[in-house]
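Colleague: Let the hints inform the model, and build the full structure from the sequences given.
Residue numbers (this note's numbering), protein chains in the order written: chain U, 1 to 182; chain Z, 1001 to 1375.
Source of the hints: derived by calculation from the structure; they are not laboratory data. Keep in mind that a hint or two might mislead.
[To be verified] Some chain Z residues near chain U, calculated using beta-carbon distances under 10 Å:
1) Gly1047
2) Ser1048
3) Leu1049
4) Ser1050
5) Thr1051
6) Gln1052
7) Ile1054
8) Phe1055
9) Ala1056
10) Pro1114
11) Gly1116
12) Val1117
13) Ser1182
14) Pro1215
15) Tyr1373
16) Ser1375
[Said to hold, decoys possible] In silico negatives: residues of chain Z with every beta carbon more than 12 Å from chain U:
17) Thr1123
18) Ala1236
19) Phe1259
20) Thr1268
21) Gly1317
Fair warning: this is a prediction, and the values are worked out from it, not measured in the lab. Virtual Cβ for every residue (Gly too), placed ideally from N, Cα, C.
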Amino acid sequence: MNLRRVLSVVPPLALSAATIAIGTAAATATAGPASGHHSLRLVAKPGRIAAARLLAPGDRVERLVELRARGRGRFAAVYFVARARRSSRLDADRVQGLRVELRSCPRRWKRRGAVYTCKRSRLVLARRALVGRTRLKRLRLAGGQTVHLRLVVTLPRGSAGSLAGQTTSAVYSFRGVRAKRR
Amino acid sequence: MRLGRRAPDPGLRRPVRWGVAVGAAVAMFVTTSAALAGFSSLASSGGSLSTQRIFAGVRSAWPSDVRDASGGGAETNSSDVLSYADGVTVTTKNWTSAFAATRFDDFDFAGGRPAGVPVTSATFNFTFAPSRSNDDACFYVEVRRASTNALLGTHGSAGAPSACSTGSTVSATVSISAEVTSTDIANDLRLRVYANNSTNRPIKVDLASVTVTTPWFTTTLLEKRWDDEANAASTASLWPFVATDGTAYTTVGNFATAFNAARYLKFTPNQAVPTGATISSPQVQFAYKSATAGDTTCWYFEIYNGATLIGTHGSSGTPLSCNATTSYVTNTVPIPEVDTVAEANNLVLKAYLRNSGARKASVELVQVDLTYYLS
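Modeller: As structure tokens, this is what we get:
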């Protein structure tokens, strides 16, 4: 095989490699239907989280999310993604704006007054700006398992007055990447 | 076909090769997606997250409307001349017939409005006339930050002034909405007025105020500092009551040695609490002393909602405090009776004073603080 022929197959191979990469990336970033009846998939409840209104600096809002893995296998990684369907300074200001935190509980969270408690809760997402994507490294989830999550949204104490009168519509999603089959 | 043998038609070789490659890539895309990256996701949609329209905070107001009955007779209107279009004017120093960059008047305005509120419109109100009716006078303005003197914008120019007077009083309004876009700027506002006079004389100013409209309230900002540099030299006049800065108001008349219902000072703070606001922790700060060393001045006060008495703090028998020193003493007094927006916006403070020497008193600060938020 002469050099010219070797070189002539490089572009197609490069294209193929690039396509594989794009295919993988697109697959993990796009919600798709389960490929089979028993395929592993995530289910989060409730589908809609109650709105929080009239937030003031220092306020915190707690909401519960039940995350269940259905099917067989396990997830190699679970990501928490929050985006703003309707953006405002509340999410655009990543310092003084809304912050989010996630804790998991092996059992259902118990309500005590205005807060939810769990004796063996575990921090799975350290407090961060609302909008973003974070791998939940401390969250392990295999088929048939359920984790009880408490989502806490806070408006930092001392947030500027310019954050008053703002509204953000947030969309929270959990994305699981299935472990390779052996 | 043997390996290494060239295809018969060279023109087809490259498209075929690319077609094979693309086909293979697509196939790999599909299989890779299905086999390697098996995944699932489900969005848990949150509703809206919204904040209060105005966050809780302490907002202060100071009086520009001051009535002085210290002498026991009729009230003297000691209100700020520049804050009301009432025909009472201040006279500037001499301008020149041509505008000059070094000849201007600065007006700084008292703030106290909740920070961060968007402003939907802002208007500079300037009522003026040349000092003589047979003169002409014009002006244009610059919008600046009071704290830094940073220029935000200019309205009008030497060639095209904002307004002119041919001798009579002109009530001009200049939109400054482009610069005053939030209460952060409104609370730190300076208007620089460049003026001229056809005969190099002063102008008379009846009103220099700013009307600010926000989605939640409308308010008028009143001046607290006027720096007359019409002759290119600074002469600053501070309105008293706004800060403990040594600038004080000395009563027109003498108080008596005993309290008297007819001897008082009446202050109307320039408050602008939005409708629907929830008020807490209202208080008055009052700094005073005798005008003459060696005298002792005592005081107590009443709070009115317009003309209706709603609270009394201290009494003629038990004054709130007395000051025998030559330094100002500041009293901070809660006024819990002020718990509605109407009471806050119509608040009148009536201070009764007595002076051991039957002489005047000086008041440095009159400030009403309200904590409020708007849901």
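Colleague: Evaluate each hint against the coordinates.
Modeller: Structure-based check of each hint:
Interface hint at glycine 1047 of chain Z: satisfied, since its Cβ lies 3 Å from the closest Cβ of chain U, which is below the 10 Å cut-off. Contact between serine 1048 of chain Z and chain U, as hinted, is supported at the beta carbon level, the nearest pair being about 5 Å apart and thus within 10 Å. With 10 Å as the threshold, the beta carbon of leucine 1049 of chain Z comes within range of chain U, its nearest partner Cβ sitting at about 5 Å, so the hint holds. For serine 1050 of chain Z, the interface hint holds, the least distance from its beta-carbon to any beta-carbon of chain U being 4 Å, beneath 10 Å.
The criterion of a C-beta within 10 Å of any C-beta in chain U is met by threonine 1051 of chain Z, whose closest approach is roughly 5 Å, and the hint holds. Below 10 Å, beta-carbon pairs count as interface contacts, and glutamine 1052 of chain Z has one with chain U at about 5 Å; its hint therefore holds. Because the beta carbon of isoleucine 1054 of chain Z sits about 5 Å from the nearest beta carbon in chain U, less than 10 Å, this interface hint is met. Taking 10 Å as the C-beta cut-off, the interface hint given for phenylalanine 1055 of chain Z holds, the closest approach to chain U being about 5 Å.
Hint status for alanine 1056 of chain Z relative to chain U: holds, with the closest Cβ pair at about 6 Å, below 10 Å. The interface hint given for proline 1114 of chain Z holds, since its Cβ lies 6 Å from the closest Cβ of chain U, which is under the 10 Å cut-off. Because the beta carbon of glycine 1116 of chain Z sits about 3 Å from the nearest beta carbon in chain U, less than 10 Å, this interface hint is met. The criterion of a C-beta within 10 Å of any C-beta in chain U is met by valine 1117 of chain Z, whose closest approach is roughly 7 Å, and the hint holds.
Evaluation of the serine 1182 of chain Z hint against chain U yields a held restraint, the C-beta minimum of about 7 Å falling below 10 Å. Restraint check, proline 1215 of chain Z versus chain U: the minimum CB separation of about 7 Å is within 10 Å; hint holds. A least Cβ separation of about 7 Å between tyrosine 1373 of chain Z and chain U falls short of the 10 Å threshold, and the interface hint therefore holds. Proximity of serine 1375 of chain Z to chain U holds as hinted, the smallest CB-CB distance being about 5 Å (cut-off 10 Å).
Distance check on threonine 1123 of chain Z: its Cβ is at least 22 Å (rounded) from any Cβ of chain U, clearing the 12 Å threshold; non-interface status holds. Remark: the non-interface label on alanine 1236 of chain Z is consistent with the geometry, its nearest Cβ contact in chain U lying 30 Å away (cut-off 12 Å). Interface exclusion of phenylalanine 1259 of chain Z from chain U stands, the closest Cβ pair being 42 Å apart, more than 12 Å. Remark: the non-interface label on threonine 1268 of chain Z is consistent with the geometry, its nearest Cβ contact in chain U lying 26 Å away (cut-off 12 Å).
Every Cβ of chain U is farther than 12 Å from the Cβ of glycine 1317 of chain Z; the closest lies at roughly 43 Å, confirming the non-interface assignment.
Of the numbered hints stated above, none is contradicted by the structure.
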